[in-house]
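Heads up: the sequence lines are chains U and R, in that order.
Start counting the first sequence at 1; every next residue gets the next number (full-length UniProt numbering).
Start counting the second sequence at 1; every next residue gets the next number (full-length UniProt numbering).
Among the hints, a few may not be true.
List of simulated lysine-lysine pairs, DSSO-like, C-alpha gap at most 30 Å [claimed, not checked]:
(1) K326(U) to K190(R)
(2) K53(R) to K286(U)
(3) K286(U) to K10(R)
(4) K120(U) to K67(U)
(5) K255(U) to K198(R)
(6) K53(R) to K64(U)
(7) K181(U) to K117(R)
(8) K4(U) to K137(R)
(9) K169(U) to K81(R)
(10) K64(U) to K190(R)
(11) K81(R) to K156(U)
(12) K120(U) to K137(R)
(13) K193(R) to K215(U)
(14) K184(U) to K117(R)
(15) K198(R) to K248(U)
(16) K193(R) to K226(U)
(17) K120(U) to K156(U)
(18) K60(U) to K137(R)
(19) K216(U) to K81(R)
Calculated from the structure, these hints are not laboratory results.
Here's the letter readout for the chains.
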Amino acid sequence: MVSKKVLLPEGVQDLLIDDCIYRRKIENQLSSYFMKSGYMEVSSPTLEYYDLFSYEYLSKYGDKMFKLIDTNGSLMVLRPDCTIPIARMVATKMKDFIYPLKLCYIQNVFRMDQEQSGRKREYRQAGVELFGVESLNADVEVIITAIESLLELGLKDFQIEIGQIKIIKHLLRNINLPEEKEEKILLAMANKNLILLEREVDALEIDEATAIILKKLPTLFGDVDKVLEEVELLPLNKDMKAAVVELKSVCNIIKECGYGSFITVDFGMVAHLGYYTGITFKGYTKELGAVVLSGGRYNKLMETYGMECPATGFAIIVNKVTKALKLQGCQVKKAEKHYLIVAPQSKYKEAFQLSAELRKSGNIVEISLLDKGEEGDYCSRRNVDEVIYIDHEDKKLVEAL
Amino acid sequence: MEWIKIGLAKGRLLEEEIKLLRNIGVDCSVLTSKSRQLVFEIPENNLQVVMLKAPDVPTYVEHGIVDMGIVGKDVLLEQEKQLYEVVDLRLGKCRLSVAGKDGDTMEGKKHLRVATKYPNIAKRYFAEKVQSVEIIKQEGSVELAPILGLSDVILDIVETGNTLRANGLIVMEDVMEISARLVLNKVSYKTKKDMVRKLIERINTEVDKQSFNV
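Taking the hints into account, I'd like the entire structure generated from these sequences.
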């Protein structure tokens with residue numbers, strides 16, 4: 001057997017120098033943008049109790065969590081999600097803060113996904129959470145923050161797709177199906193499996209209007225105006241109409257801000273029904289067949305922790321957005337100059353003083369640790385821009401490479 | 001030029017998949033050549049065709065390496081990937097069945113040994129029946145397992161039943177009907193919506209026409 005000493009577990013990876021430079025740059029841009037928009041950073045621990053998560057969440061994702069046993073026998077998990085721990089933090093420690101409360105984070109999450117499926121089991125999320133605002137102003141704000149974050153990173157041609165989970169919720173509440181049936185219908189909708197959906201809906205004893213809407217919802221996605229026109233033709237009740245108006249208003253404000261070209265809608269976005277309560281959204285690019293960010297409103301979550309508080313937010317999957325940027329050919333430009341100072345031991349002090357001075361103006365400065373004459377290879381492999389030789393008489397010779 | 005990439009499952013479905021593409025007006029002459037090439041370009045239709053082993057089709061589609069794929073429902077059920085499943089192509093129809101030696105029965109078996117290429121489907125199916133089982137994963141020629149005593153029964157796809165009969169096996173229970181499906185990557189359905197939709201419409205029309213003829 002090959003020794004585990006030199007192997008990595010599945011789904012995790014080392015980041016070498018360039019990957020780290022790239023990641024740090026992206027995260028700095030994101031966190032500085034979040035802060036400029038008034039979000040304050042928080043950080044939750046990597047370990048949480050298994051019991052933190054609701055029964056509903058556990059029944060869906062419980063077997064995907066990495067679990068550990070505490071010394072007293074309690075079950076702990078590696079943070080599988082950033083929002084739930086932050087909700088706990090807010091409900092237990094930040095109740096008396098001033099609201100609206102705007103928080104942001106950049107943290108790793110751990111999920112035990114299918115083996116050998118090419119998916120990561122540890123990845124980084126950068127996101128914001130906005131607590132305490134019921135009105136659609138908060139929905140607009142987080143979506144615009146999402147758009148501007150991606151723009152800040154230099155991502156082009158991305159799409160933010162907006163959904164409204166209230167419509168399906170109203171529908172399901174009206175017909176009150178057994179859980180099993182409901183799940184089947186939602187799965188067929190989420191997978192846009194229109195054949196199965198039609199079969200399932202036709203087998204139900206429900207009114208015609210509901211059946212029409214159920215069958216139509218997953219086909220209603222794409223261009224905002226076109227889809228909204230189609231939606232308005234459906235036999236919606238008062239509550240559903242209000243939900244459509246809400247989505248429409250959100251889209252209109254985003255358009256007024258000049259970001260209309262980035263948004264589309266999908267009324268078939270029905271995943272995570274137990275968690276989301278209103279406007280939801282996802283972001284992606286053409287080049288990468290995966291979602292780079294997702295978010296939405298979760299007004300009920302805080303109740304689990306004993307606090308009534310509307311909330312919304314989103315998370316950017318840092319690895320995915322990095323991949324999308326690379327596919328678009330976006331590269332990190334080296335801003336600073338890289339100096340190497342070569343000096344005899346007797347002149348170390350002079351070399352040190354010079355390095356301190358050059359670093360002050362933002363340059364990368366190294367004092368050569370090799371014997372004189374051996375620095376050639378080092379300079380070319382490290383892309384050094386200039387070598388400064390100091391000789392015994394303190395004379396400086398600058399050689400640009 | 002913007003391409004639509006489609007993954008086709010090699011094997012029992014391939015001929016019918018190519019026929020379907022031909023019927024919707026795709027020039028498939030490059031596909032039918034007996035070369036070992038796996039990626040083909042059909043510029044007239046903006047189509048890039050990738051030949052994959054059936055169980056790899058959902059993986060390629062999920063990761064967005066191809067925009068869409070054609071693959072049997074059996075493979076989709078076994079893998080449960082995150083995909084859009086939009087059209088039942090009604091090709092390669094067969095059944096997923098439990099079979100065993102003629103004269104044998106599953107009744108009263110406290111611990112049933114099941115040989116199958118579909119361990120996840122088998123696990124779910126017998127769990128629903130509250131039958132405790134031991135799944136033995138096979139890569140092919142599943143029919144051998146009960147004959148040679150490796151398992152009590154098999155769970156496999158049955159087309160004509162000829163292979164079963166030739167080996168002295170009979171179908172004990174049908175699990176479900178299987179046919180080929182058109183699956184889509186969740187993102188490219190949105191980002192290449194117009195192109196993908198047009199293709200789906202043509203495929204839908206063709207599928208309806210074919211089933212009308214039958």
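Results of checking the hints against the structure:
no.: 1; hint: K326(U) to K190(R); in the structure: holds (21 Å)
no.: 2; hint: K53(R) to K286(U); in the structure: holds (26 Å)
no.: 3; hint: K286(U) to K10(R); in the structure: holds (27 Å)
no.: 4; hint: K120(U) to K67(U); in the structure: holds (17 Å)
no.: 5; hint: K255(U) to K198(R); in the structure: holds (28 Å)
no.: 6; hint: K53(R) to K64(U); in the structure: holds (28 Å)
no.: 7; hint: K181(U) to K117(R); in the structure: holds (29 Å)
no.: 8; hint: K4(U) to K137(R); in the structure: holds (27 Å)
no.: 9; hint: K169(U) to K81(R); in the structure: holds (25 Å)
no.: 10; hint: K64(U) to K190(R); in the structure: holds (28 Å)
no.: 11; hint: K81(R) to K156(U); in the structure: holds (28 Å)
no.: 12; hint: K120(U) to K137(R); in the structure: holds (26 Å)
no.: 13; hint: K193(R) to K215(U); in the structure: holds (19 Å)
no.: 14; hint: K184(U) to K117(R); in the structure: holds (25 Å)
no.: 15; hint: K198(R) to K248(U); in the structure: holds (27 Å)
no.: 16; hint: K193(R) to K226(U); in the structure: holds (14 Å)
no.: 17; hint: K120(U) to K156(U); in the structure: holds (25 Å)
no.: 18; hint: K60(U) to K137(R); in the structure: holds (26 Å)
no.: 19; hint: K216(U) to K81(R); in the structure: holds (24 Å)
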